[in-house]
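All chains should be built: construct the whole structure from the sequences, respecting the hints.
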Amino acid sequence: MFEQTRQANRERSPADLRDARPMDESPAADITLVDPAYPPSRKAPLVWAIGAAIPFLMLVPAQLAWISLDRQAGWLHASAAVLTLLGIVAFVVVAPLWRYRVHRWEISLAPGAPAVYVRSGWITQERRIAPISRVQTVDTYRGPLDRLFGLADVTVTTASSAGAVRIVALDSEVADRVVAQLTDIAAIGAEDAT
Amino acid sequence: MSLPGGGSHPAPWQRLSPRMLLVHPVHEVLRQLPLVIGSLFLGSATGNPWLVALALALTITVGVLRWFVTSYRIASDEVQLRTGVLQRKVLSLARNRIRSVSTDARLLHRMLGLAVLRVSTGQEARGDSEFTLDAVAADQVPRLRAVLLADSLGAPERPGPPGRVLARWHPGWLRYSLLSVTGLAMIGAAAGIAYQAGATAALRNSPLAQSGVDIAQRFGAAATAAAAGAVVLAASVVLSVLRSLVTYGNLLLRRDAELLHLEHGLLRLRENTFDMRRLRGGTLREPLVVRALGGARLDAVMTGVTGIGESSLLLPPCPAGTAHAVLADLTAKSDAATGPLRGHGPAAARRRWTRALAVPAVLALVGVIVEPPVWLWAVWSGLTLCCGLLAADRSRSLGHRVSAGWLITRSGSLERRRDCIAGAGIVGWTVRQSWPQRRAGVATLIAATAAGVKQYRVVDVPEELAWSVAAAASPWVAHNRWARRSTR
Numbered sequence: 000m001f002e003q004t005r006q007a008n009r010e011r012s013p014a015d016l017r018d019a020r021p022m023d024e025s026p027a028a029d030i031t032l033v034d035p036a037y038p039p040s041r042k043a044p045l046v047w048a049i050g051a052a053i054p055f056l057m058l059v060p061a062q063l064a065w066i067s068l069d070r071q072a073g074w075l076h077a078s079a080a081v082l083t084l085l086g087i088v089a090f091v092v093v094a095p096l097w098r099y100r101v102h103r104w105e106i107s108l109a110p111g112a113p114a115v116y117v118r119s120g121w122i123t124q125e126r127r128i129a130p131i132s133r134v135q136t137v138d139t140y141r142g143p144l145d146r147l148f149g150l151a152d153v154t155v156t157t158a159s160s161a162g163a164v165r166i167v168a169l170d171s172e173v174a175d176r177v178v179a180q181l182t183d184i185a186a187i188g189a190e191d192a193t
Numbered sequence: 000m001s002l003p004g005g006g007s008h009p010a011p012w013q014r015l016s017p018r019m020l021l022v023h024p025v026h027e028v029l030r031q032l033p034l035v036i037g038s039l040f041l042g043s044a045t046g047n048p049w050l051v052a053l054a055l056a057l058t059i060t061v062g063v064l065r066w067f068v069t070s071y072r073i074a075s076d077e078v079q080l081r082t083g084v085l086q087r088k089v090l091s092l093a094r095n096r097i098r099s100v101s102t103d104a105r106l107l108h109r110m111l112g113l114a115v116l117r118v119s120t121g122q123e124a125r126g127d128s129e130f131t132l133d134a135v136a137a138d139q140v141p142r143l144r145a146v147l148l149a150d151s152l153g154a155p156e157r158p159g160p161p162g163r164v165l166a167r168w169h170p171g172w173l174r175y176s177l178l179s180v181t182g183l184a185m186i187g188a189a190a191g192i193a194y195q196a197g198a199t200a201a202l203r204n205s206p207l208a209q210s211g212v213d214i215a216q217r218f219g220a221a222a223t224a225a226a227a228g229a230v231v232l233a234a235s236v237v238l239s240v241l242r243s244l245v246t247y248g249n250l251l252l253r254r255d256a257e258l259l260h261l262e263h264g265l266l267r268l269r270e271n272t273f274d275m276r277r278l279r280g281g282t283l284r285e286p287l288v289v290r291a292l293g294g295a296r297l298d299a300v301m302t303g304v305t306g307i308g309e310s311s312l313l314l315p316p317c318p319a320g321t322a323h324a325v326l327a328d329l330t331a332k333s334d335a336a337t338g339p340l341r342g343h344g345p346a347a348a349r350r351r352w353t354r355a356l357a358v359p360a361v362l363a364l365v366g367v368i369v370e371p372p373v374w375l376w377a378v379w380s381g382l383t384l385c386c387g388l389l390a391a392d393r394s395r396s397l398g399h400r401v402s403a404g405w406l407i408t409r410s411g412s413l414e415r416r417r418d419c420i421a422g423a424g425i426v427g428w429t430v431r432q433s434w435p436q437r438r439a440g441v442a443t444l445i446a447a448t449a450a451g452v453k454q455y456r457v458v459d460v461p462e463e464l465a466w467s468v469a470a471a472a473s474p475w476v477a478h479n480r481w482a483r484r485s486t487r
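Residue numbers (numbering that gives the first Met the number 0), protein chains in the order written: chain A, 0 to 193; chain B, 0 to 487.
Misleading hints may appear alongside valid ones.
[As the list claims (entries may be wrong)] If you want a taste of the chain A side facing chain B, the calculated C-beta under 8 angstroms gives, among others:
#, residue
1, 30
2, 126
3, 129
4, 154
5, 160
6, 161
7, 162
Keep in mind the hints are simulated off the structure, nothing from the lab. Even for Gly, the Cβ is constructed at its ideal location relative to N, Cα and C.
Have a look at this one:
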């Protein structure tokens, strides 16, 4: 389920490169970025857990059937069962809770440097920031589970395939508001783009 | 033929060069070679030789038809290509999206004075969606190139002053391919094909195999194996050097003001025109074997040009000085290629060492348990030494620098690369930390850009420095709501 808001191509115009402001040889000051403010929807961990549980709902009966059909190789069954159990604990219990603690998002519309900033992940965590002026499209995505629980993902793409910012598991109305905001400000940017 | 100026009158459809009537059938037969060979077998097996004639006639007809059904036109706002014998297809490209035009002429094309013209928009285009005029007369190419690039580049209608030559191929460049593995890969591929075709079965009882066995018996297995290895190695070197010569011989890199023009190839001539205004930097690649001989290769980082492979190549392995000079010229920054870098500190180095020594450590553990023969320990020591050297080199490579709006980052050993990226071309930043990285207090900083390989990494930079590096390259990072200046 994609809704896409496309705006004018915002690739770098030739002049930009030459106007690049010369900076000092070394970073002038040590800069750190504080985390973005908003957590995803409260329902997010539940939805993530259900999503992760679905494959296990097929794996576990398959394993049970295997055990009942083939009674030899007990240690093989045991190790498979332990692996499955570990998988369930890691992906259904730990990952959703951990991700909920990590995931944060915020959109700054301040006139100076409006940007989208997202923190995500669990074992591997990342913070990603993209300036609004470089935003190409704003998509929302609602999978079947998302629709059941009224959630949506917002993907903000830039000209780089490595630069897409994903805000996952937002409440639907929040997602709609975010999209509206982003397309608004993007339209403003398009007007005074050179 | 007049160029479409006014929008009222639709541009006429044009055919490719009529000389393709000769080329298409040949290519078609080559493409359908399995079919032709199959019909040959089938024909001889069933005693129907006309089967071959039928298959040949069919493929040749298709080849001839291809010319009649392919046409293109250059309208005021878009270019279109109509193809397909059975499935009709029209490919349209907006003219202002055209980013680069390259040409390519294989042997047959060259003999007939033809060139394949490839139009690229910077989107990933593969196979069917590729806009390729195969082929037009070679003397038409400069005019077509100017017309196609006119919208996006504003290329001058009149030819400007002849440009500066940035680099010209020199026979000395061949020495960097001496240690290249391309020859070995070619031999391997040939052997693989022969094996697939059942050559081993044919060889098993042949006189050739018999004489091989005789030789092995006379001189001993080890000596024969060594000799065979030496022959393969020599063949590999010769093939590598030959391939390098054929591909890059007469390479010429020229800069005409805002256009970068690259042409190379002795048999298959390739020409590529890059727009300097889409240049976002360059990547200096120094694979270990090339670096050991004092060489380097250079890739362009451009929007609209894929970052990997042939399309972004500016210089094949060549003397490092040449590559450095060209990179400095392109980035207008004299120390882009050679300037000192800021190292990433002991934590990053420790991670290199841990990784490199993990395999020897595990092997040692296994060795302690199973107690292998002593000579295996000698091999192990050699391996450990190599891993240690690798770790040392990898640690030494790591570094970055931001100056005058350019981000320079270096990493790797066997495939060491130094990326120089224009800060203005960076459209987003990511700071990524895996669990071990968080424990070590380092982070991988990823600059996202529309150019080249789309992401350029500063590997294992101390985590407190990560955002400072980003902010130095892209001032907007320092000016947003979340930025905090710390005083240390």
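Results for each hint:
1. Interface hint status for residue 30 of chain A: upheld, as the beta-carbon distance to the closest one in chain B is roughly 4 angstroms, under 8 angstroms.
2. Taken as an interface hint, residue 126 of chain A checks out: its beta carbon lies about 5 angstroms from the nearest beta carbon of chain B, inside 8 angstroms.
3. Proximity of residue 129 of chain A to chain B holds as hinted, the smallest CB-CB distance being about 4 angstroms (cut-off 8 angstroms).
4. For residue 154 of chain A, the shortest C-beta to C-beta distance to chain B is roughly 13 angstroms, which exceeds 8 angstroms, and the interface hint is violated.
5. A hinted interface residue such as residue 160 of chain A counts as satisfied when its beta carbon comes closer than 8 angstroms to some beta carbon of chain B; here the least separation is about 5 angstroms, so the hint holds.
6. For residue 161 of chain A, the interface hint holds, the least distance from its beta-carbon to any beta-carbon of chain B being 3 angstroms, beneath 8 angstroms.
7. Look at residue 162 of chain A: its Cβ gets to within about 3 angstroms of chain B, closer than 8 angstroms, so that hint holds up.
The earlier numbered hint that this structure contradicts is number 4, and it is the only one.
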